[in-house]
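Residue numbers (the numbering used here), protein chains in the order written: chain A, 1 to 172; chain B, 1 to 103.
Please keep in mind that the hints were generated in silico from the structure rather than gathered at the bench. Glycine included, every Cβ here is placed at the ideal spot set by N, Cα and C. Any given hint could turn out to be false.
Unchecked claim - For each label pair, taking beta carbons as the anchor points, the in silico distance ranges come out as:
1) A:I97 <-> B:I81: 30 to 38 Å
2) A:N24 <-> B:Q100: 30 to 38 Å
3) B:K85 <-> A:N25: 15 to 23 Å
4) B:Q100 <-> A:V159: 25 to 33 Å
5) A:T2 <-> B:T86: 50 to 58 Å
6) B:T96 <-> A:L107: 37 to 45 Å
Said to hold, decoys possible - With the Cβ distance kept under 8 Å, some of the chain A side facing chain B (calculated, not the full set):
7) S10
8) A30
9) L46
10) A63
11) L160
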Amino acid sequence: MTDLVFLALSFFAVAGGVTMLLHNNPIYCALGLLITVLSIAGLFALLSATFMFMVQIIVYAGAIMTIILFILMFLNIKEEDLPKEPKKNILITMGVILMIPINLLVLEGVARLPDADMSIVEEGFGGIKELGMKLYTDWLLPFELISILLLVALIGAVVLAKRRVKKELNNG
Amino acid sequence: MASLTGYATVSMILFSLGAIGVVSRRNVFVIYMSIELMLNGINLFLVTFARYHFNMDGQIISIMVIAIAAAEAAIFLSVIILLFKTKKSLDTDIFTELKQEVE
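If we strip away everything but chain B, and leave its shape as in the complex, we get (with noise of 0.2 Å):
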């Protein structure tokens, strides 16, 4: 149970998760959990490569796939916070200022 493709299918189905839910969902904190997600399950994938091959390069890479993940969140929520502070609301579909004007 515990092989290569198992562990390659838990990877693969969070990785899924993420990217259904950061399409579908439109709750902004959602789809940067969502994010999240895809991140951990990319992360599982590399260490998972990591022991087959009995190579520590792979822990490395999701060491520093972990750290951009703390740098993103630190962005990602003071924007939020911004964001809810002029609009309140967490609905994607309003955030549209850059949204060019069709006329």
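Bound conformation, chain A alone (with noise of 0.2 Å):
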């Protein structure tokens, strides 16, 4: 049952991650992306980490897909503005050829590992109030970091978007 849905996931996951890679209308290619982070959630489930497939789903369906998909229909782009790609195929061919010996390389390391239970943990493990108490006691230094790390993106944020009104009032 396990494998099955791990294939279904991982399936959905490729498939969304190679939508993305083709299309040219971005609107597609937000929707496979999406597509790909929602399976990816669900790997995260497989693997008893719920926390993670929480926050997968609040933070990056829920936030950063939807600020993608809002600034691609606020910008509304049209057919004509958008990059012409005579070579995509010819340099995703070329990506694919020069990318393949790399994953080769790192699965043959991970193959070598030694086997072990990756069956789904009941309790314990992964939830929010493991990973709370580890956050806060053992990486309690790199949390307030981040969280500096925010604040310095949301001022600069502000900053880029206050600059062009001021441009605005300058050339009227």
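The two chains are supplied separately, each in an independent frame; assemble them into the complex guided by the hints.
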């Protein structure tokens, strides 16, 4: 059963990624990425990372992808605004040929690791309580640094938005 | 099927698709989404190894990766809006303001 769910989720994840890579229209690309993100959330649940499952759905599928789709529709991109990509297929083929050896190298290394039990853990792993205990004791400093980073990003976004308004006032 | 190698294969495929998208596409939005795809692949790798070693440090690192991706989304999308307002295009080849002119 787990294998079947894993196969379905990984198929959807890879299919969404390929859609994002091949489509010309950015809206379809964003929808493909949305499918990938949701399938990865399912894979997190299979790996008994329940809190990560929630964070992935809330932050990625809920916030980031919504912002991307909102801005795509807000900009009202027409067909002629899209860049012409005449050499896209050749470049993608070359990229695939280049990436296959790297993938094989990594997977060769991973395959030599001893096999371990990857079944779903019932309790005491990956839940919000255990993760929170770990986050606020062992990882306190990185956690605080991340909060400063988010603050800086917030200020940066506001500054970028404000500068445009000023420029328009000067021009007008 | 749902073994360490299976999960590693999926995450490496996603990472490679993202890397290929960054170098081969010219749409700024698709490049941004490819970066997100690479981050997702690496997150899957981290969570897989967290389960493999039965140690939650990998999950905490991937939470931090998600936080950084959220911050990156805010900055990147505001920059894209500014670029699109001034240039009316999404082609990366047009954005050459900082390029040094060779004489």
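Comparing the hints with the structure gives:
1. Checked against the hint of 30 to 38 Å, the C-beta distance between A:I97 and B:I81 comes to roughly 36 Å, which is consistent with it.
2. Separation of A:N24 from B:Q100 is about 31 Å and conforms to the stated range, judged on CB atoms against 30 to 38 Å.
3. Checking the proposed 15 to 23 Å range against B:K85 and A:N25 shows it holds: the Cβ atoms sit about 21 Å from each other.
4. Distance hint check for B:Q100 and A:V159: the Cβ-Cβ separation is about 27 Å, which falls inside the suggested range of 25 to 33 Å.
5. About 51 Å separates the C-beta atoms of A:T2 and B:T86, a value consistent with the hinted range of 50 to 58 Å.
6. In this structure, B:T96 and A:L107 meet the distance hint of 37 to 45 Å, their C-beta atoms being roughly 39 Å apart.
7. Checking A:S10 against chain B: minimum C-beta separation of about 4 Å stays under 8 Å; hint holds.
8. Hint on A:A30 holds. Least Cβ distance to chain B is approximately 6 Å, under the 8 Å limit.
9. Hint on A:L46 holds. Least Cβ distance to chain B is approximately 7 Å, under the 8 Å limit.
10. Taking 8 Å as the C-beta contact cut-off toward chain B, the hint placing A:A63 at the interface holds, the least distance being around 7 Å.
11. The beta carbon of A:L160 comes within 4 Å of a beta carbon in chain B, closer than 8 Å, and the hint placing it at the interface holds.
Violation of the numbered hints given earlier is absent; every hint is satisfied by the structure.
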